[in-house]
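Going down the list, the protein sequences come from chains F and Z.
So that you can map any letter, position 404 of the first sequence is 403 in numbering that gives the first Met the number 0, and since no number is skipped, the others follow by simple counting.
So that you can map any letter, position 226 of the second sequence is 225 in numbering that gives the first Met the number 0, and since no number is skipped, the others follow by simple counting.
Do not rely on the hints blindly, as some may be mistaken.
[What the hints assert, rightly or not] Here are a few chain F residues that sit away from chain Z, every Cβ distance over 12 Å (derived from the structure):
(1) THR50
(2) MET275
(3) VAL299
(4) ARG318
(5) LEU340
[As the list claims (entries may be wrong)] Below, in silico cross-link-like pairs of lysine to any residue (SDA-like), each with a Cα-Cα straight-line distance of 25 Å or less:
(6) F:LYS316 - F:HIS302
(7) F:LYS380 - F:GLU113
(8) F:LYS9 - F:GLU113
(9) Z:LYS141 - F:GLU113
(10) F:LYS316 - F:THR300
(11) Z:LYS44 - F:PHE216
(12) Z:LYS141 - Z:ARG29
(13) Z:LYS141 - Z:LYS252
(14) Z:LYS253 - F:GLU274
(15) Z:LYS253 - F:GLU10
(16) F:LYS90 - Z:LYS253
(17) F:LYS90 - Z:PRO146
(18) F:LYS27 - Z:PRO31
(19) Z:LYS253 - F:GLU113
(20) Z:LYS44 - F:GLU10
(21) Z:LYS141 - F:HIS20
(22) F:LYS30 - Z:ALA13
(23) Z:LYS48 - F:GLU274
(24) Z:LYS252 - F:GLU113
(25) F:LYS90 - Z:GLU147
(26) Z:LYS252 - F:ILE266
(27) F:LYS30 - Z:ILE25
(28) Z:LYS253 - F:ARG265
(29) F:LYS90 - Z:LYS252
(30) F:LYS90 - Z:LYS48
[Claimed, not checked] Some chain Z residues judged to face chain F by a derived CB distance under 8 Å, without partners named:
(31) PRO31
(32) PRO40
(33) LEU184
(34) THR188
(35) THR233
Simulated from the structure, these hints should not be mistaken for laboratory data.
C-beta atoms are modelled at their ideal positions from N, C-alpha and C, and glycine is treated no differently.
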Amino acid sequence: MIPFHVAKEKEMRAIGIEPVHGDELQGKAVKLIHDYRNLSRSLSVMLENCTRCGACAEACHSYLGTDDYYNIPAARAGLFRRIFERYCSWKGRLIGRLSRKNAFNSRIVGQWAEYFYQCNVCRRCAMFCPFGIDTGEITIAARNILTQLGIAPHFIVGIGKNELNTGNNTGILKPAIMDSCAFLEEELREETGLDIKIPVDKPHADVLYVPSSSELFTNTDTMLGAAKMFHFLGVNWTLSSTILEAANYGFLFDLDIMKRHNRRLRIAAAAIGAEMVIQGECGHGWRVARMLSEGANGPVTFHLTHILEFAAANLSKFRLVKIPMRATLHDPCNYGRGSGLVDAPRELIGACVEEFVEMSPNRELNFCCGGGSGLLMDEMKDLRMLLGKKKAEQISALQPLDYVALPCASCKAQVPLVLKHYGMGEIRTGGVIELLGKAMVMGSIGGNG
Amino acid sequence: MEFFVGRILPYIAAGVFLAGTCLRVIGWLRTPVPFHLTLYPVPVKIFGKIWAFASEFFIFRTLYRHDRVLWLLTLLFHVTLALTLAGHLFGIYFLREQFALFGLGPGASRQMSRILGGTAGIVMICSLGGLLYRRIAMPEVKRLSEPENFLALLLILAVALSGIFMYLPGYHIDLPTVRTYLGSLLSATPLSPPRNAPFVIHFVLVNILLLYFPFSRMMHSIGFFVIRTMLLETPPVYPTPANTRQRSVFAAKKVSPENPASSQTTFNREVEPR
């Protein structure tokens, strides 16, 4: 059973995709599989070399949480491999002439949609596989093919469309952005008594800050922390109304949308004249910007850094009063395994709270929270609670705990629900920059920007 | 029959093995890697990379850390496999007197060679038994296992058993005859194979193994390098240095974010120039 609401045909057309029907399905799918195979080496190599040893089973939070055989990474990949070998291997093409087994049909579409949308693309299986097979790559390939066939979650397609049209997930336009920023500036004035700006589309700024758009509405403390930090350091920074979103949902279902959203980054940076782009707290968004920008749109002309790296590099300049709490850090998958951002958040939290404890396993081996890869739709909530089971166990082992630091917008949406579901609703959650903002003493020597 | 098995089959097997394996590897390598797939923690310096590669290749570090039983079984199997292959090469060429090169007497060298070869063979058979048992006894792995996984294990087990059979009294094979025969194959003037039942069975099974190799999961011996190379790639540096090679055509294709709903996509449809 497909666990999400499938986008309507009209919605698919709005992102430039013509859904495929009936007889065309197999031919189109086979062409798409071949196209993807020629696009990326990872698909064929990672499908063809699995020896089915089972070392990945215990690695996958999805399998450990749901106990569903097809959520074992090797079995999940096997759903693709059967089809792939049928159409792309010598053996398969020979057998394919004789038997109709493993032909691509609507049943396969359903199976793929069900299981490739229970994978969070967290890459933990690649850490456990003796060959390093990354099932996330296979998941992304399968989702891309499904999308081109016209099958994708309503939720993700909606966000993709917003990213295409406005450059952010929520689809807000410049007037609303200005409103939010004015409101947040007012909050900052009340809190600190200082005139701290949150500039939008400021020309000739040195730094373009690309937050998660949720920082303007739900995770506002993260934006406040960032604004305070930039103000204190005297950074000439700005937001851009054309790319107000570090997240890049295209990466999770349509590489074409990924490419376009990623392209906004360089256009905005060039328009502002920013030499440095700082990405906000968003997991997969950081991986896409950090690891995929060059591959998606060619040479990059600006410096790129993450707000946590930037803050950690300036840590000695801040005046901090440690917050009396016991806090832990959840390593978002795309920070740990995906881009090696593990030390900066630890340095920051260590400096901002009185007691910092590590969850186990941590750093690159940390479990996914279960909210990654765009599975935040309401209809998948029950399933997501299963995907978050390992995370709940990890956090529960650290009790009593005051705070779980989640430097990723998806984790910020998922973990509070997990904590509530597993009876730990009293633990507070939030970003790392949020902690920095709260621990920071602004004082009168403030910034000059 | 003897003519086919002894003088034709080896060439077919070697041809299929070499051509098939090369074609598949070339097929992998011809495809671009459009994005960095670096999996952290990744060493940046060259010695770190060599260590990361070598520790995975020689001691299966990932398995050692996460699955000790599987690690022991696979390590024993692969090490004895490597020893056995080397043993065949040197043992047949030097007629078991290879250790004389290290100062042993000819008799002692032959003795040493027999002991080492026999031990390696028995350990290999035991580890294969262990791997087979694992596939049957662990419910998850049993369900994951496909017929081809068993086929590969059983085929190698049969090769190993038929090989170790020649250690039994009464079935000993005359090594100089084998060397003469294999030499005749290599020099493209094939003689008839030695008339020794265990040898012929062993030889035919090896040929079947070679024929099957390019179509099987045993290709993981090479795929390992292809995958690990992708995961160990040095992450990109920004701003991108001049003269950086373009990773794939995907990066060069032009799209405009201002015009999203036009029916252009980058990997399966025509792209209009910007």
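Of all the hints numbered above, which does this structure not satisfy? Sort the numbers upward.
1, 2, 3, 5, 10, 11, 12, 13, 16, 19, 20, 21, 22, 23, 24, 29, 30, 33, 34 and 35
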